[in-house]
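Enquirer: Single-letter residue listing:
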Amino acid sequence: MFFVATGAVLLALVLVVYRAISGPTVFDRVLAANSIGTLAILFLAALGFLTGRPEWLDIGLTYGLLNLIGTFAVLKFFRHGDLAFDVEEDGTE
Amino acid sequence: MMGTLVVDILSWVLICAGSFFVITGAVGILRMPDVFSRMHAVSVIDTAGAVLLVLGLGLQAGSLLVVFKLVVVLGLLFFIGPVASHALAQAALQAGIEPKLDQDRRGQPVAGEMGLDNTANKQTNDAGTGSRTQ
Chain A
270 MFFVATGAVL
280 LALVLVVYRA
290 ISGPTVFDRV
300 LAANSIGTLA
310 ILFLAALGFL
320 TGRPEWLDIG
330 LTYGLLNLIG
340 TFAVLKFFRH
350 GDLAFDVEED
360 GTE
Chain B
2 MMGTLVVDIL
12 SWVLICAGSF
22 FVITGAVGIL
32 RMPDVFSRMH
42 AVSVIDTAGA
52 VLLVLGLGLQ
62 AGSLLVVFKL
72 VVVLGLLFFI
82 GPVASHALAQ
92 AALQAGIEPK
102 LDQDRRGQPV
112 AGEMGLDNTA
122 NKQTNDAGTG
132 SRTQ
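Sequence lines, in order, name chains A and B.
The first sequence lines up with residues 270 to 362 when you count with my numbering.
The second sequence lines up with residues 2 to 135 when you count with my numbering.
In short, the hints are calculated from the structure, not lab data.
One or more hints might be untrue.
[To be verified] Pair by pair, the computed Cβ-Cβ distance ranges are:
(1) Gly321/A - Pro100/B: 43 to 51 Å
(2) Lys345/A - Val14/B: 37 to 45 Å
(3) Tyr287/A - Val8/B: 30 to 38 Å
(4) Gly321/A - Ser38/B: 35 to 43 Å
(5) Gly321/A - Asp105/B: 49 to 57 Å
(6) Lys101/B - Gly321/A: 45 to 53 Å
(7) Tyr287/A - Phe79/B: 26 to 34 Å
(8) Arg348/A - Leu66/B: 33 to 41 Å
(9) Ala342/A - Val68/B: 31 to 39 Å
(10) Gly339/A - Ala96/B: 12 to 20 Å
(11) Phe80/B - Tyr287/A: 36 to 44 Å
Glycine included, each C-beta is placed from N, C-alpha and C at the ideal position.
Looking at chain A on its own, in the form it has when it is part of the complex:
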């Protein structure tokens, strides 16, 4: 049954990677990248159970935290053009 879960997540990853490559706007790519992160966590969990080594869940957790930071960094960059933007300093918001 873990094989079913792993295969389904892999198929979903292929479809989402296609959207990330062909996305017309940058936000489509960010959305697809965020979704790839979620699917990667699920893939690591399912693969860990498939190979009998659930320790892979730790890698999945780390990947999820990195994914959140990465998504915010990209969004902040494309919204303000600057990763060090601060509303209190700037005041133009």
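Mind docking chain B on chain A? Use the hints.
Expert: Just chain B now, with coordinates in the frame of chain A:
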């Protein structure tokens, strides 16, 4: 013996349902027309697919530590999904991306609330019907 069979069947059902929702969300990301409706497809993966898959895996977990890690994964996804979606929608709106609408109702007065051009209807409409002007 009977108990493990029941747990196996329940786990199968949860994992198959989760796989179905994950593939459904991925097809939605591929085929939806604009970025806002694609976010709606992502939420299917983030909520239904992830929760059902993790629950199905958790029923097969051998030790309590693995169950705890799965719960932490679930909590992480529970908080990451809405926060990232909110930030993405706000950034996309501020970048000037317009949602594709079949029927644009933004800026139209709502009966009983705004009442700009339908003061006559204001008395006839009960408060809280929620009907919109055409």
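Enquirer: Take the hints in turn and mark each one as holding or not.
Expert: Going down the list of hints, with the structure as the test:
Separation of Gly321/A from Pro100/B is about 46 Å and conforms to the stated range, judged on CB atoms against 43 to 51 Å. Taking 37 to 45 Å as the suggested C-beta distance range, the pair Lys345/A and Val14/B conforms, at roughly 41 Å. For Tyr287/A paired with Val8/B, a C-beta distance near 37 Å keeps the hint of 30 to 38 Å intact. A beta carbon spacing of about 40 Å between Gly321/A and Ser38/B agrees with the range 35 to 43 Å that was offered as a hint.
A C-beta distance of roughly 55 Å is found between Gly321/A and Asp105/B, which places it inside the suggested range of 49 to 57 Å. The hinted range of 45 to 53 Å is satisfied by Lys101/B and Gly321/A, whose Cβ atoms lie roughly 47 Å apart. For the hinted restraint 26 to 34 Å between Tyr287/A and Phe79/B, the CB-CB distance of approximately 27 Å keeps it satisfied. Judged by the Cβ atoms, the range 33 to 41 Å given for Arg348/A and Leu66/B holds: they are separated by roughly 40 Å.
For the pair Ala342/A and Val68/B, the supplied restraint of 31 to 39 Å holds, since their beta-carbon distance comes to about 32 Å. Roughly 19 Å separates the CB atoms of Gly339/A and Ala96/B, a value that falls within the hinted 12 to 20 Å. For the pair Phe80/B and Tyr287/A, the supplied restraint of 36 to 44 Å is violated, since their beta-carbon distance comes to about 28 Å.
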